[in-house]
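Residue numbers (my numbering), protein chains in the order written: chain Y, 1 to 212; chain H, 1001 to 1473.
Errors might be hidden in some of the hints.
Said to hold, decoys possible - DSSO-like mimics (lysine-lysine), calculated; alpha carbons at most 27 Å apart, straight line:
id, chain 1, residue 1, chain 2, residue 2
1, Y, 186, H, 1318
2, H, 1254, Y, 66
3, Y, 186, Y, 207
4, Y, 182, H, 1046
5, Y, 66, H, 1318
6, H, 1165, Y, 167
7, Y, 182, H, 1051
In short, the hints are calculated from the structure, not lab data.
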Amino acid sequence: MQPFSKHTGLVVPLDRVNVDTDQMVPKQFLKLQTRQGYGKVLFYDWRYLPGEKPNPDFVLNWPRYKGASVLLARAGFGSGSSREHAPWALADYGFRVLIAPGYADIFYSNCFMNGILPVTLPETQIDELFRRAENQEGYSLTVDLPVQTVTDAKGLSCRFEIDEFRKHILLEGLDEIGLTLKYEAKIAEYEKSYHPGATMYSPVDAKFAAQK
Amino acid sequence: MNPRTMYRKIWESHLVREAPGEPSLIYIDRHLVHEVTSPQAFAGLKAAGRKVRRPDLTFAVMDHSVPTKNRNLPILDAAAGGQFDALERNCREASITLFDMFSHNQGIVHVIGPELGLTQPGQTIVCGDSHTSTHGAFGTLAFGIGTSEVEHVLATQCMQQYESKTMHIVVNGKRNKGVSAKDIILAIIGKIGIGGGTGHVIEYAGEAIRALSMDGRMTVCNMSIEAGARAGMIAPDDTTFAYMEGRPYVPRGKEFQEAVQAWKALPSDPGAKFDATVELDASALAPQVTWGTNPGMVTGVTDRVPDPGSFRDPDDQKAVARALTYMGLKPGTALVDVPVDRVFIGSCTNSRLHDLRAAARVVAGKHISKDLKGALVVPGSMVVKQKAEAEGLDKIFKDAGFEWRDAGCSMCIAMNPDVLLPGERAASTSNRNFEGRQGKDSRTHLVSPIMAAAAAIAGHFVDVRDWNVEAQE
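Chain H on its own, in the form it takes in the complex:
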């Protein structure tokens, strides 16, 4: 047999039907659902007189619009409340497991899937959310879908899909102290561009990827969509298996050992061919900071805000000029001279225990800058929150002047009350710096958790390598 990529292996094992000139029908092992992109799908299903085919493979959670402060108060936003009620009703009617906002297992869908062990190597996972690529960190094929496709999967547990092209991104070398998984993925997006992965499934490999914890690998795969890729994945290994053992939906004992043996057959075969290959040297990377209005507008923290004239393509020149106007930045400004108003540590990109531990190491014994209007830590799940509290991280953050909140998407998408005011500038560990993303006329700089923590203390961006802190476990 020809050597196969991991993507191809998972694809083949999920083929329900193939026909020339038509998309293939592939089976979906896990369908994750949240309150924002599902109500129309359930309504469509009902209108057509159809049923949820596999409620036992469908898992729902409230995350996008949930308040991160005092959930016992009434939801003031009637529209958001309506979506919570609709999700609850739809799950009750179809017998779908629901983690509502009072569940001890509630959290951001892409944090709780892996945390509960729902996410397992070799699976196909979809969710009506583009950051579903996160789950690829376990060697799964996971991607975001639209609401019509959510309805399609509810009804059939299948997707009509064309096979994607494959891209091998090999990150060689060792990260320097202060450089994290977030910096690796931001540098990749900066290199290949926000459309660089279009039509492709990325497999990340190389020494620097292998050295990452599962939390770090999830950060990398999470932002695959920010490079335009359909999905991102990393071959499972002992780090993966150690993470999985003992989680609620992971088999135990002998069954677990058998599962591990099967998972070990997943990695791409030696000599497997990819449609494209990109190489990167982790040892050459500085902590990254975005300066524009998409995640590809990024550079090292020691650099300066670029001049639109330095770009060759006229469309890029216009886009950069527009982005700098929006961001209120002048070409040539050193990034370390850019002050920040607020700091947000959270989102499906960077809200896991390792992220919070790293940020806490930066702020321990220090206090946020007097010039800061606020700093927020929003754990990715209630389980992350509880574990962090058991380690005393909440106290470190609170003593340093941070607010410590309940789990949710929060200021990454700003659908709940956690919003930037017009003109405010944030150092944010989230994934998108689009215009208006964190609030109308808000200005977002994407950074790693320790870069965000250091910016909170200093009141402006700093090269966190000078602070001698370990970025990642």
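Just chain Y, with the same shape it has in the complex:
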């Protein structure tokens, strides 16, 4: 995974509450078998008019926000479906940081798996960031993970909280599976004492069943 330490980038404000993951990647794009290439379908139904013409009303299409890498959002960001296609699409589009008052649980964990830092700030600070991003063309923010701050060029500085372990994973770009496999012996020990199994007592119509 791509490590994350410090990032400065153009901010795009998405002023809607409860943006669900169906909006980030609609169902018809869930049929691929890759983790890449979803950037162009991010927010598909909002971003495009029929014929894939960019919808000039949608904020991501405004020329002043072209190249944005920090997405400023409202409460309840990422609700609904567990589809990891949502953070895949955000990352592929170029977002490295999300800033919102709160996120849905599954989406929040999915972001960390993909090198995206979801920053949580209180509503009042989010409101101020919206004002600045909407009023100042070219508004950028610097997000510093080691010291846990969001700062702009005009003296604004907000400290954010983040779980220490998740911070460590992101800073180092660690592979969580590799971390868990370090405890292989513990897992084997657990399996020995607890004997998890799935015995079939009457036949079912299935293929490839494993034997243990």
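Chain H: place on chain Y using the hints.
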């Protein structure tokens, strides 16, 4: 020992490793897999040279994109076909039990898990699907995960998890006739909001929950995610044990009796502390109808479409105004005056035998409205389908003008050909009314099976309490 919640008991019994300042490692008893969120996980595993640790605890099914009509025809959607092929190949290579689309046990993953007896009290269950919370109806800890986590569980049979907070939702009183499990959970989401359960595992309790069948309890737990909760659960009891006995993966005879004794120790201890408590009176509930673009935008069928100005928060006002524009609804319109174009009875929320029986009671001897463009019944599994047919439910639905299909997710997520056309309005027994969910520019109203059935007959929403039909067994 301090009194413990059911969640805490299951958590403790699955701890593989704990360390201060780190997430815990918990063991996963059942990993359920489907075609849409797994191919990247299997590919990642292969690229890293890793193996599936416990294929015997991993079960796969084709459900999201399967056609619900004539499966012997070639799959025209090449991308969907590619995912079916990938799942088949990955399961063959790793010796994972697969219920493919021709299996007599095929169905929606959250319908077949319990139906096969794979889902058992006290277990941990994960699946790359947010509605995995359904299995909590048996007193299991079950939750949805992303594809990276699917890969993690394939490789390690464990999850890195922080312990969640707990929420006790107590539903007192008795439901009125015509009020169902779906109305209970929609009312809960309306009350606590779609983010109300964030960071929490919900335990549902109270007289109205106890009175529900397992099918009804699954409907309630299914939509826990729609309140933002990590999981939802209900303590196992005699209703649970009676449901389980004799299912293919459930122990028999003495072994079953021993299992029941162990399961009886699972319910939260008296005096166990929850981080939050919510109470609801089931006797005060009307059948619910969503009017907006998330499941929290919901009200009783006797109410009207709200005015954005009636909401205090400016963000909510904007969201409601936007939702009403999308839904093509005017504030102040009585919900019973809203016409529907199509009706969908199905999904992991409401496609089980009790759901179909209740809907059939509404439509028996009647016919769908001439104004309707279509009405679909999609059983949750091929076993549900076969049982329903043995009771003659298929004939009742077909005589009433419904289409009777094969099992799958179908129009809930519209990844197969079952899609709403732009601007079409549906009464749907599914779980999400998000923009575009059932097709681009589609308009979804979430309701119970009998409310959907009654809307199909009338051509618009009705207060099904006036029809004198039992909503739930």
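So, going through the hints one by one against the coordinates:
1. Taken as a hint, the residue 186(Y) and residue 1318(H) pair is broken in the structure, with Cα atoms around 51 Å apart against an allowance of 27 Å.
2. Annotation: proposed proximity of residue 1254(H) to residue 66(Y) is violated, straight-line Cα distance about 67 Å (limit 27 Å).
3. Our distance criterion of 27 Å between C-alpha atoms is broken by residue 186(Y) and residue 207(Y), whose separation comes to about 31 Å.
4. The hinted pair formed by residue 182(Y) and residue 1046(H) meets the criterion: a straight-line CA distance of about 19 Å does not exceed 27 Å.
5. This hinted pair checks out: residue 66(Y) and residue 1318(H) have alpha carbons roughly 25 Å apart, not beyond 27 Å.
6. Between residue 1165(H) and residue 167(Y), the direct Cα distance comes to roughly 21 Å. Compliance with the 27 Å bound is thereby established for this hinted pair.
7. Only pairs whose Cα atoms come within 27 Å are accepted, and residue 182(Y) paired with residue 1051(H) is accepted, the gap being roughly 15 Å.
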